[in-house]
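If you read the sequences in order, they're chains R and U.
According to our numbering, the first sequence is numbered sequentially starting from 1.
According to our numbering, the second sequence is numbered sequentially starting from 314.
Just so you know, not all the hints are guaranteed correct.
[What the hints assert, rightly or not] With a cut-off of at most 27 Å between alpha-carbon atoms, the simulated DSS-like pairs for lysine-lysine come out as follows:
(1) U:453 / R:10
(2) U:471 / U:408
(3) U:378 / R:28
(4) U:471 / R:28
[To be verified] Coverage of chain U stretches by chain R, computed from C-beta distances (three or more under 8 Å per stretch; other residues unrestricted):
(5) 396-410
(6) 493-506
(7) 537-543
Simulated from the structure, these hints should not be mistaken for laboratory data.
As the structure is a computational prediction, the values presented were derived from the model and not from experiment.
C-beta atoms are modelled at their ideal positions from N, C-alpha and C, and glycine is treated no differently.
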Amino acid sequence: MCGIAGIIHKGKSTNVGGEMQQMLQSLKHRGPDSTGYALYGTGGTQDYILRFKVGENVKEGSSAIMEDASLYEKRRNEVNEKIVEAGGNIVKEEQITPYSFRYVTSFEGDLLEFARKIESVEMAEILSLGKSLELVKDIGDAKVVADQYGLNNFEGTHGIGHTRMATESGVDIRSAHPYWAYPFSDVSVVHNGQLTNYWNNRRGLERKGMRFMSSCDSELIAVYLANKIRDGIGLEEAMRSSLTDLDGVFTYMVATQDQLGMAKDSMAAKPMVLYESDDLVLCASEEVAIRSLLPHEIDTYDPYESEVKVWQA
Amino acid sequence: MASVKEHKSHDMGLHQEVLTGRTQQVFFNPEESENFLYNDAYDVDFNKRTSIDVEKLNCIEVNSKIKDLMKQGYGTIVLKNPGAKHSLGVGILNKLNLIIEGSLGYFGVGSIDGPVVRISGRVGWSCAENMMAGKVVIEKNAGSCFGAAIRGGDLICKGSVGARSGIDMKGGTIMIGGNAGAFTGFMMQRGRIVILGDVGPNLGDSLYDGTIFVGGKIESLGADAVEAEMTDLDVDWLKRKLKVAEIDKKINFSKMTKIVSGKKLWNYDNLEPTERKGAI
Numbered sequence: 001m002c003g004i005a006g007i008i009h010k011g012k013s014t015n016v017g018g019e020m021q022q023m024l025q026s027l028k029h030r031g032p033d034s035t036g037y038a039l040y041g042t043g044g045t046q047d048y049i050l051r052f053k054v055g056e057n058v059k060e061g062s063s064a065i066m067e068d069a070s071l072y073e074k075r076r077n078e079v080n081e082k083i084v085e086a087g088g089n090i091v092k093e094e095q096i097t098p099y100s101f102r103y104v105t106s107f108e109g110d111l112l113e114f115a116r117k118i119e120s121v122e123m124a125e126i127l128s129l130g131k132s133l134e135l136v137k138d139i140g141d142a143k144v145v146a147d148q149y150g151l152n153n154f155e156g157t158h159g160i161g162h163t164r165m166a167t168e169s170g171v172d173i174r175s176a177h178p179y180w181a182y183p184f185s186d187v188s189v190v191h192n193g194q195l196t197n198y199w200n201n202r203r204g205l206e207r208k209g210m211r212f213m214s215s216c217d218s219e220l221i222a223v224y225l226a227n228k229i230r231d232g233i234g235l236e237e238a239m240r241s242s243l244t245d246l247d248g249v250f251t252y253m254v255a256t257q258d259q260l261g262m263a264k265d266s267m268a269a270k271p272m273v274l275y276e277s278d279d280l281v282l283c284a285s286e287e288v289a290i291r292s293l294l295p296h297e298i299d300t301y302d303p304y305e306s307e308v309k310v311w312q313a
Numbered sequence: 314m315a316s317v318k319e320h321k322s323h324d325m326g327l328h329q330e331v332l333t334g335r336t337q338q339v340f341f342n343p344e345e346s347e348n349f350l351y352n353d354a355y356d357v358d359f360n361k362r363t364s365i366d367v368e369k370l371n372c373i374e375v376n377s378k379i380k381d382l383m384k385q386g387y388g389t390i391v392l393k394n395p396g397a398k399h400s401l402g403v404g405i406l407n408k409l410n411l412i413i414e415g416s417l418g419y420f421g422v423g424s425i426d427g428p429v430v431r432i433s434g435r436v437g438w439s440c441a442e443n444m445m446a447g448k449v450v451i452e453k454n455a456g457s458c459f460g461a462a463i464r465g466g467d468l469i470c471k472g473s474v475g476a477r478s479g480i481d482m483k484g485g486t487i488m489i490g491g492n493a494g495a496f497t498g499f500m501m502q503r504g505r506i507v508i509l510g511d512v513g514p515n516l517g518d519s520l521y522d523g524t525i526f527v528g529g530k531i532e533s534l535g536a537d538a539v540e541a542e543m544t545d546l547d548v549d550w551l552k553r554k555l556k557v558a559e560i561d562k563k564i565n566f567s568k569m570t571k572i573v574s575g576k577k578l579w580n581y582d583n584l585e586p587t588e589r590k591g592a593i
């Protein structure tokens with residue numbers, strides 16, 4: 001089933017991490033397997049924030065293979081070497097979990113090559129690489145993941161999130177949402193639904209040099225949009241073309257450094273409820289998520305079939 | 314053909330048309346209908362009024378509480394702070410005035426038979442699914458699958474609704490003051506849908522029977538949905554129904570579009586096998 005949620009404050013920043021946690025926790029019943037956050041901070045620094053993992057969470061519920069924790073340290077060192085080798089400089093490094101890290105790195109050059117170098121290390125996967133995007137995902141509900149990664153006081157302008165009920169692939173971090181639109185900094189995607197022409201699209205995109213880290217159909221949307229952006233197509237136009245190129249039932253949300261967008265398939269088969277005011281937009285699979293932030297009576301509505309909307313921070 | 318007199322069910326807001334199904338003929342036998350009551354129906358007094366603050370209750374607790382209050386004879390129950398919770402007010406098989414101050418989540422007031430429900434906010438997906446009789450009035454918008462598979466009663470949304478409203482409906486009336494999404498009236502089998510605003514693509518796709526009236530623009534018709542001529546009877550019926558619906562809007566009824574089934578799909582016998590394949 002899965003639950004998705006998004007929030008964007010127009011012209012101001014707030015505790016978007018805490019807000020997203022509340023929204024996603026109220027969607028727990030739609031997806032108890034894993035939770036993911038793509039939060040956009042106010043920093044907008046010159047340096048890149050790199051979120052990556054070198055292993056999987058193998059706690060209860062995970063479908064990942066148990067590994068010796070010492071491997072994580074070895075892989076992390078290899079990643080450090082690759083960053084330097086690619087011409088980058090590690091400004092700050094934090095270990096969040098035994099397998100997950102947050103780095104601040106300075107780098108000037110081809111982001112694709114930079115990402116490829118890092119991911120050449122066994123099991124290394126970049127979750128996000130951006131100037132304001134911080135992408136976190138793990139097994140557990142919204143509160144568990146937010147507590148684990150310290151997201152409850154994350155200051156920012158907007159974000160998207162996902163609670164996952166695994167159907168098309170395993171219960172692991174690599175199949176959890178959101179997905180970073182590799183290799184474009186600050187672009188992330190969450191999805192609720194099923195894509196039925198996944199392999200046709202994936203093969204075509206792989207021939208164009210795009211990379212897939214999982215066999216989760218939702219990753220296709222991120223890679224598809226990344227490919228369009230690479231071809232110089234704007235976000236909204238790329239989203240509109242996805243409505244004909246992607247087959248299946250879906251509602252997805254995409255976020256960039258200063259935008260939040262949503263798209264719904266031509267059958268309108270997957271839910272989405274919207275609340276819009278002059279300074280705030282909230283969207284979620286169920287209104288209960290919106291009510292977790294705005295308990296008083298408000299006006300909400302369902303977007304229609306084939307509808308694409310983009311809001312500016 | 315049975316006369317209207319024989320069908321007490323019509324007075325209860327059930328089917329508006331003569332029923333032909335064997336089960337229904339037996340069920341609505343005129344001799345039995347006089348005493349038609351559910352086993353656990355309660356004799357309630359509409360003047361006996363109370364309220365429930367549902368903020369801290371889950372749907373099972375709320376629905377049980379409604380039943381307990383009906384048992385005590387309360388005929389008017391107000392739900393406060395519903396907070397878009399799911400499945401509130403479902404399975405009420407009784408006469409009752411249910412007033413909901415706020416919005417409902419998914420599957421609100423589903424499988425009801427008899428109550429009059431007023432909702433001041435919005436409703437999520439599948440509101441009043443499988444409704445048998447009664448009246449539901451929603452002041453704001455509604456999500457998708459509005460009135461899925463209803464068999465009777467009046468379901469009214471004064472705002473706009475999502476996709477697939479009236480999917481598989483088998484009777485009753487759905488009235489929408491605003492716009493409606495794709496596949497409205499999908500596989501509809503009986504009853505009427507009135508949309509005063511615009512409607513999305515594939516209107517009335519694969520409808521077996523029933524009638525859809527549209528006041529605004531139709532993006533496209535679905536398979537086997539065809540336009541029919543508006544009659545004076547249709548206009549009279551619309552005027553009466555919209556009064557019941559409490560929709561305060563100036564409408565030129567004669568300019569509305571009437572959609573019915575073309576009856577050309579596989580389930581109708583008038584196609585050759587080769588044509589049938591094409592139609593599917």
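Status of the hints after comparison with the structure:
no. : hint          : result
1   : U:453 / R:10  : 25 Å, holds
2   : U:471 / U:408 : 23 Å, holds
3   : U:378 / R:28  : 26 Å, holds
4   : U:471 / R:28  : 31 Å, violated
5   : 396-410       : holds (count 4)
6   : 493-506       : holds (count 3)
7   : 537-543       : violated (count 0)
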